[in-house]
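S.K.: Chains A and B, in that order, give the protein sequences.
Residues in the first sequence are numbered consecutively from 0, following numbering that gives the first Met the number 0.
Residues in the second sequence are numbered consecutively from 0, following numbering that gives the first Met the number 0.
The set of hints was computed from the structure by calculation and includes no laboratory data.
Certain hints may be false.
Identical copies go unnamed one by one, so any copy, or any two together, can satisfy a pair.
Said to hold, decoys possible - Quick list of in silico lysine to any residue cross-link-like pairs, SDA-like style, CA-CA up to 25 Å:
hint, residue 1, residue 2
1, Lys259, Asn77
2, Lys45, Asp67
3, Lys108, Asn9
4, Lys8, Gln254
5, Lys144, Ser86
6, Lys259, Tyr247
7, Lys8, Ser258
8, Lys309, Asp291
9, Lys259, Gly79
10, Lys108, Phe312
11, Lys172, Ser145
12, Lys285, Glu275
13, Lys144, Gln188
14, Lys172, Glu320
15, Lys318, Phe303
16, Lys259, Phe138
17, Lys108, Gly212
18, Lys259, Thr223
19, Lys144, Val84
20, Lys7, Glu273
21, Lys108, Leu41
22, Lys250, Ser178
23, Lys172, Ala295
Fair warning: this is a prediction, and the values are worked out from it, not measured in the lab.
Number of protein chains: 2
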Amino acid sequence: MNALILIKKNTPLNYLDTDMPYPSANQVLVQLKAAAINHRDLWIRKGIYPRIDVYTILGSDGVGLINDQAVIINPNINWGNNPTVPSSDYSILGMPEDGTFAEYIAVGKDRIHPIPTHLSYEQAAALPLGGLTAYRAVFTKGLCKSGDKVLISGIGGSVAQLAFRFAQAAGAKVYVTSSSDEKLEKALQMGAVGGANYTVQHWDKDIWAQTDGFDLIVDSAGGTGFKDLVRLGGLGGRIVVHGNTDGYFAKLNPQTIFSKQLSILGTSMGTDAEFEAMLDFVRQHKIVPVIDSVFALEEHEKAFARMRNKERFGKVVFKIE
Amino acid sequence: MNALILIKKNTPLNYLDTDMPYPSANQVLVQLKAAAINHRDLWIRKGIYPRIDVYTILGSDGVGLINDQAVIINPNINWGNNPTVPSSDYSILGMPEDGTFAEYIAVGKDRIHPIPTHLSYEQAAALPLGGLTAYRAVFTKGLCKSGDKVLISGIGGSVAQLAFRFAQAAGAKVYVTSSSDEKLEKALQMGAVGGANYTVQHWDKDIWAQTDGFDLIVDSAGGTGFKDLVRLGGLGGRIVVHGNTDGYFAKLNPQTIFSKQLSILGTSMGTDAEFEAMLDFVRQHKIVPVIDSVFALEEHEKAFARMRNKERFGKVVFKIE
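Next comes chain A alone, as it looks inside the complex (with noise of 0.2 Å):
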């Protein structure tokens, strides 16, 4: 079969033929027909991510086929039984265990989910991690419920579009912000009953004019904007934080903080249980990941190159023939 694998890092994944996957006896084959990109993908092929073997097949997102049923695949692999934190044993499907950029992969039985009936093969390789990241962010972590005005930040990234929806669904009001007033606009469309560009001077200031504050804000930016969201927390607010693309937080007050009750939550992925109810809140309210770009596994060097273009509005995914 053809597969995408790590041979060195911080060079191009290899499309290459390699051996079919043999299933354990706890393990079931999948014949995959989508998978989709994370920052995970990105960091691992640049050599920046703990634990990483070459000779590796990347991705963690995949649906495929068993037979002729459909199905999704929970990338967690020994989360443990503490809801908490993961146990010492965990990892993602990806790395190192080989993963979904390729034709076939063999994963343990528990580990397969009937697809929303709703989605496309694409769309609902675009749920796992991201869906599972946000559901967490947003329930487990963020306690959202309807009536809450929620904040999330940098609208462009599919954990954020996830999150969205999520917190929307469940009966939120959702601002969003974006550096893109094209990325704004869309999420207008997607029904946000506000939006800022941070990158203008006193967005926090008009935003808060608008709000009182947030009650739950979620962010994967961290970075010298990050007091800014902890200026808009509300009294009692919840800050939930899952990645750090803008790197290390500005320094930040601490009366802030305690004069008002915030909670800083970080969070990543999430429990088996939890996966499975992100599956099941997604057929309930039939969320639909929004998909920015397809390509075939071939093309995977203009899949990365558009991961990481300031453009991207929703999840790079590959579609697998």
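Given the coordinates of chain A, assemble chain B onto it according to the supplied hints.
M.R.: Frame of chain A; chain B shown alone:
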């Protein structure tokens, strides 16, 4: 009656003869026997606190007598019904309402609780603000339970000492930090499992080696040292923040926060229910606050100077006769 009155910001308080308070229908007159100084009083005296009215009697912590009954005063005024945050009418006794640095005070009847019988007036006067803050930090926000590894920073402070006693009584293994070896020694005598002087290089690495990180950290300093506390957070750890004596946090790495699923939880004061639960806990576990020194109201400048003295270990209390 005599009382300590703020007449002008950033000048000494005035010990003056003033009118006896008249209790309204839902109030009761308390003959004060002891009061205690909080950082809040220092800040009000310096003029760096919101909503300062001059010609106000300061003091939030007070115990005294109603006829022959010894009582302790809940310093919350109008917290309201939401346990997460206080209402917009909330204030703390001692500004803008007249406080406890006086011979008498009129307070709401529902602010009055029996004094824990194992405590002297001076010891009980050390409880209200510090005990309420520490109780909410350790239990409501920090979810402290038996067996947890807990770190209390700056063990010279009186909230820190109550947080220490509460966590210890709950069955946690409590470690402490200080800039003073003498204070660390006192904390070890109080039953601390371990301690570290945070002015010593690599102190955090040594304590990490002993503990593998903490389930709960309680901090009132912030400042550049806060990044060490984030590093010392264990998987799923909670870091509760209730002060900022060292100013803004240093830059923090979001990756440390989300990869360990850490929570940074701001807290300030607490509900009436938490105040009652705190008193019950103090009674049940025979908690005794540490008293640093006792002064007469007339000696207020000496008392305030002691409050600012780096050697202070525990509460500075006024005995009122």
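S.K.: If the cut is 25 Å between Cα atoms, do lysine 172 and alanine 295 qualify within a copy, between copies, both or neither?
M.R.: Neither: 37 Å inside a copy, 55 Å across copies.
S.K.: With identical chains, the pair lysine 108 and asparagine 9 could be close in the same copy or across copies; at 25 Å between alpha carbons, which is it: within, between, both, or neither?
M.R.: Classified as neither; 33 Å inside a copy, 71 Å across copies.
S.K.: When no copy is named, should lysine 7 and glutamate 273 be tagged within, between, both, or neither for a Cα gap of at most 25 Å?
M.R.: Classified as neither: same-chain Cα gap 34 Å, cross-chain 58 Å, threshold 25 Å.
S.K.: Could you place lysine 108 and leucine 41 in one of the four classes (within, between, both, neither) given a Cα distance threshold of 25 Å?
M.R.: Neither, since 28 Å and 64 Å both go past 25 Å.
S.K.: Check lysine 144 against valine 84 for me: Cα-Cα at most 25 Å, and say if that holds within a copy, between copies, both or neither.
M.R.: both (23 Å within a copy, 17 Å between copies)
S.K.: For the identical chains here, do lysine 285 and glutamate 275 meet the 25 Å Cα criterion within one copy, between copies, both, or neither?
M.R.: So lysine 285 and glutamate 275 pass the 25 Å test inside one copy only (15 Å; across, 47 Å).
S.K.: Can you tell me if lysine 172 and serine 145 fall within 25 Å by alpha carbon in one copy, between copies, both or neither?
M.R.: For lysine 172 and serine 145, only the intra-copy Cα distance (8 Å) is at most 25 Å; the inter-copy one is 40 Å.
S.K.: One pair to classify: lysine 318 and phenylalanine 303, alpha carbons no more than 25 Å apart. Within, between, both, or neither?
M.R.: within (14 Å within a copy, 72 Å between copies)
S.K.: When no copy is named, should lysine 259 and phenylalanine 138 be tagged within, between, both, or neither for a Cα gap of at most 25 Å?
M.R.: Cα proximity of lysine 259 and phenylalanine 138: in one copy and across copies (21 Å, 18 Å).
S.K.: When Cα atoms must be at most 25 Å apart, do lysine 108 and glycine 212 count as within-copy, between-copy, both, or neither?
M.R.: neither (45 Å within a copy, 35 Å between copies)
S.K.: Treating 25 Å as the Cα threshold, decide for lysine 144 and serine 86: within, between, both or neither.
M.R.: between (29 Å within a copy, 21 Å between copies)
S.K.: Can you give me the call for lysine 259 and asparagine 77, within, between, both or neither, at a CA distance of at most 25 Å?
M.R.: between (37 Å within a copy, 16 Å between copies)
Hints 2, 3, 10, 14, 17, 20, 21, 23, counting from the list given before, are not met by this structure.
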